[in-house]
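Enquirer: Could you put the whole structure together from the sequences, leaning on the hints where they help?
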Amino acid sequence: GDSVTQMEGPVTLSEEAFLTINCTYTATGYPSLFWYVQYPGEGLQLLLKATKADDKGSNKGFEATYRKETTSFHLEKGSVQVSDSAVYFCALYSGSARQLTFGSGTQLTVLP
Amino acid sequence: NAGVTQTPKFQVLKTGQSMTLQCAQDMNHEYMSWYRQDPGMGLRLIHYSVGAGITDQGEVPNGYNVSRSTTEDFPLRLLSAAPSQTSVYFCASFPAGRQGGEKLFFGSGTQLSVL
Numbered sequence: 001g002d003s004v005t006q007m008e009g010p011v012t013l014s015e016e017a018f019l020t021i022n023c024t025y026t027a028t029g030y031p032s033l034f035w036y037v038q039y040p041g042e043g044l045q046l047l048l049k050a051t052k053a054d055d056k057g058s059n060k061g062f063e064a065t066y067r068k069e070t071t072s073f074h075l076e077k078g079s080v081q082v083s084d085s086a087v088y089f090c091a092l093y094s095g096s097a098r099q100l101t102f103g104s105g106t107q108l109t110v111l112p
Numbered sequence: 001n002a003g004v005t006q007t008p009k010f011q012v013l014k015t016g017q018s019m020t021l022q023c024a025q026d027m028n029h030e031y032m033s034w035y036r037q038d039p040g041m042g043l044r045l046i047h048y049s050v051g052a053g054i055t056d057q058g059e060v061p062n063g064y065n066v067s068r069s070t071t072e073d074f075p076l077r078l079l080s081a082a083p084s085q086t087s088v089y090f091c092a093s094f095p096a097g098r099q100g101g102e103k104l105f106f107g108s109g110t111q112l113s114v115l
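Protein sequence lines correspond, in order, to chains A and B.
Counting from 1, position 61 in the first sequence corresponds to residue 61 in our numbering; the numbering is continuous, with no gaps.
Counting from 1, position 3 in the second sequence corresponds to residue 3 in our numbering; the numbering is continuous, with no gaps.
No false leads were slipped in.
Straight-line alpha carbon distances no greater than 20 Å define the calculated SDA-like cross-link-like pairs of lysine to any residue that follow: (1) B:K9 <-> A:G43; (2) B:K103 <-> A:S94; (3) A:K52 <-> B:K103; (4) A:K77 <-> A:T20; (5) B:K9 <-> A:G41; (6) A:K77 <-> A:F62; (7) B:K103 <-> A:N59; (8) A:K60 <-> A:E42; (9) B:K103 <-> A:L46; (10) B:K103 <-> B:E72; (11) A:K77 <-> A:V87; (12) B:K103 <-> A:Q45; (13) B:K103 <-> A:Y30; (14) B:K103 <-> A:V37; (15) B:K103 <-> B:D73; (16) B:K103 <-> A:E42; (17) B:K103 <-> A:E63; (18) B:K103 <-> A:F62; (19) B:K103 <-> A:L48; (20) B:K9 <-> A:Y39; (21) A:K52 <-> B:A96; (22) B:K103 <-> A:L47; (23) B:K9 <-> A:E42; (24) B:K103 <-> B:A24; (25) B:K103 <-> A:R98; (26) B:K9 <-> A:Q45; (27) B:K9 <-> A:P40; (28) B:K103 <-> A:T51; (29) B:K103 <-> A:D55; (30) B:K103 <-> A:S58; (31) A:K56 <-> B:K103; (32) B:K103 <-> A:Y39; (33) B:K103 <-> A:G43; (34) A:K52 <-> A:G29; (35) A:K60 <-> B:K103.
Taking beta-carbon pairs under 10 Å as the criterion, some of the chain A residues facing chain B (in silico): (36) Y36; (37) G43; (38) Q45; (39) L46; (40) F89.
Derived from the structure by calculation, the hints contain no laboratory data.
No residue lacks a Cβ here, since even glycine has one placed at the ideal position from N, Cα and C.
Expert: Encoded structure:
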């Protein structure tokens, strides 16, 4: 079945540091890939997406590239802010399964 | 614009009690799902529905029951609560189609404690 493996956390960075959160997946066919963010006390919100190989999703300074050859979708940001502190989830959507499969989540804390 | 509405926000149960978590959406989405979120385990799918009258099991269905009598509502029933069901529960909905995942809407969650 489909699965998503996400970098273990928690991750603690200083403000303006570079962020990478690794995500790899296993799926049949050609899934769409997503990063969701969960701020404290809230539900998940879509951060960015990519629907086919070599697509780059971007939003709020975050980027991720759909790499089919390495089955990866790593999240990056060049300069994190305190307001980026949240839990980040990698996920895939497979049309055949008709559901999203989530990774375990990575807690990011950014210190001033 | 209500989106996905979940009630209650918090609930404490005793072992063996039953209860229903409510979920309603006003976007006419075909697909609705229930997830539970546990530390270090991400979101795990409990049950899902691809339309009124159609439900199916997810990854962790035991101890839970669902029905989908209307497009709008997708209640989750705990038949006999156990401490292992202490978790945060999220309801989600999205439209059918290959790109449905990008239009996923989550409710604000229900924090459930079973003593």
